[in-house]
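Asks: Go ahead and model the full structure; you've got the sequences and the hints to work with.
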Amino acid sequence: MTNAQIADALDLIADLLEFQAANPFRVRAYRNSARTIRDYSESLASVVAMDKRKLTEIEGIGDDLALKIVTLVETGDVPMLAELKSQVPQSVLALLRIPGVGPKKAAALHKQLGIVSLDQLQAACEEHKVRDLKGFGEKTEQLILAGIGLAATASLRMLWAEADALAQSLREHFRDCPGVQQFEFGGSYRRGKETVGDLDILIVAADETAAMDRLAGFEQTSDVIARGDTKMSIRTHAGFQVDLRVVPQESFGAALQYFTGSKEHNVIVRGRAKARGLKINEWGVFKIDGEKETYVAGTTEADVYATLDLPVFPPELREARKEFEWAEQGGMPDLITVEDIRGDLHMHTHATDGTASIAEMAAAAYARGLAYIAITDHSQRVSMANGLTPARALEQWQEIDRINKDQPPGFRILKGIECDILEKGGMDLPDDVLAQADWVIASLHYGQKQPRAQITERMLGAIANPYVCQIAHPTGRLLNRREAYEIDLDLVLAAAKEHGKLVELNANPMRLDLSDVNLIKAKQLGIPVVINTDAHSTDGLNVLRYGILQARRAGLTKADIANTRTWPQMKKLVGKK
DNA sequence: GCCGTTTTCGGCCCGACTGTTTTCAGTCG
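Just so we're aligned, residue 2 is where the first sequence starts under the numbering used here, counting upward by one.
Please keep in mind that the hints were generated in silico from the structure rather than gathered at the bench. For every residue, glycine included, the Cβ atom is placed at its ideal position computed from N, Cα and C. Each hint should be verified, as a subset may be incorrect.
[Stated by the list, open to error] So the derived label-pair ranges between C-beta atoms look like this:
hint, residue 1, residue 2, range
1, 452, 407, 43 to 51 Å
2, 221, 351, 34 to 42 Å
3, 405, 2, 44 to 52 Å
4, 264, 210, 28 to 36 Å
Replies: Here it is as structure tokens:
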């Protein structure tokens, strides 16, 4: 049983308990543990196998949860969950996805009208049965009816790159808004999460009404969900929510800190404030003296954190993982930046499924400040992309030798290949061909539905191949579209470590593979990560920054990233002569 | 359900907005 599966089970318990109106702190305990376990770098199943007692050493896991996790790992189930499932039909959890419907309202609908599905709820609304329930009314009924359609897509989150495009449009839209003195985005967008649920805008404005009117008039605004004195929410035509907060200057830093989150990070911040006789909310830091509250700070984030003797955490690290520990030890890691990257070792040309020539890719990379690139077109197995046969690969490498002569001093094109790992195992090109390349990427495009053991075995075989330098997009996931393939990543990483191979952080915004949690694992094992664009065009080189954000979220520094090195240093790193 | 330089019991972050109320509960972030 994987950590993700254990976490899913605990989350489900939390959902079901919440539905039963259990103690909210008890619910939170389950949710916190699920989150911790999802982020945990060691496999809990192996921890259980080695030493069960160790479980309670994990923050947020006490005797009770430890016992439940052991039961879960050893039997695949836990009695409490089975019990809960028998009490609450799981289909009712779908009701919670309707905006404005939480556990209380969902429970009322279930208990009083016997509703267990969105279809039944829709019928009940249309028959005007819902408005008569206590605590409900005509408006609530209409809201629910409108929300049922949204429920299907409510779980869909924007890719960070999409959120960034929307954010840039909004920033532009507000550029000449009169009276706006400060404008910033918070939330998971600012934290650089791979997907973003909604956008949070913070504004200091002389005229709140004008600022809110400006958001209402945004060309992508579909409807206004809520609008008060300081807060407003809209939905875009694409169905994404944008929240706007107008705050006074002296609260801007506090509000930015507050709305950047994460929620878990803020819970810790506020807990620390409380211990010092302070209170932090979105309006500022206040000293509590009996009934009296005195404003202490709030203009900038630095002021807010300083009241707790904390540094301004890079937003990417505000996930209540290691950042407070790092702060206590005297500093944050010096996170990787785009400027640190010297080379890009994964890209395609029109020889296969790319759109540009070798020379064009080289020129575009040089213009972006890189010192070396590897041309890594697909191998023959990827027939749809016109993958390279041995003869065509060798031909392309001769061409690269020629083009290299015309390159500016200090810039170099490497002869590479993205060689497929065949369904039955083994590489798609013979060793004597691979031996002639500067850079060999092994990747898996076919047989992705194979069982765990088989896919893992194929991957381990590739890692053991002496000519392979790195593994591309190691889990194959596509955000919002395809789950990772079944693979024992712990074994794969251990093998990469043993054979001195690199793992990729593919910067394509749909991939971002490895994930932040898996990058942390790689770092702990001391495996260098290579951040590549996998560009299929010259513009494709621009995705590098998405990969950098992801690496920053994992706390990675220049030293952790292989392609911050020069090419001669890289060669050494992978044992090439 | 977790946790402890106040504590092994009694806390657990905090406020805005809405709708249904007539002082507040529920939801959300």
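Asks: Give a verdict on every hint.
Replies: Tested hints:
1. 452 with 407: 43 to 51 Å: At 49 Å between Cβs, range holds.
2. 221 with 351: 34 to 42 Å: Given about 35 Å between the Cβ atoms, the range holds.
3. 405 with 2: 44 to 52 Å: holds, 51 Å
4. 264 with 210: 28 to 36 Å: holds, 30 Å
Of the hints listed earlier, there is not a single one the structure fails to meet.
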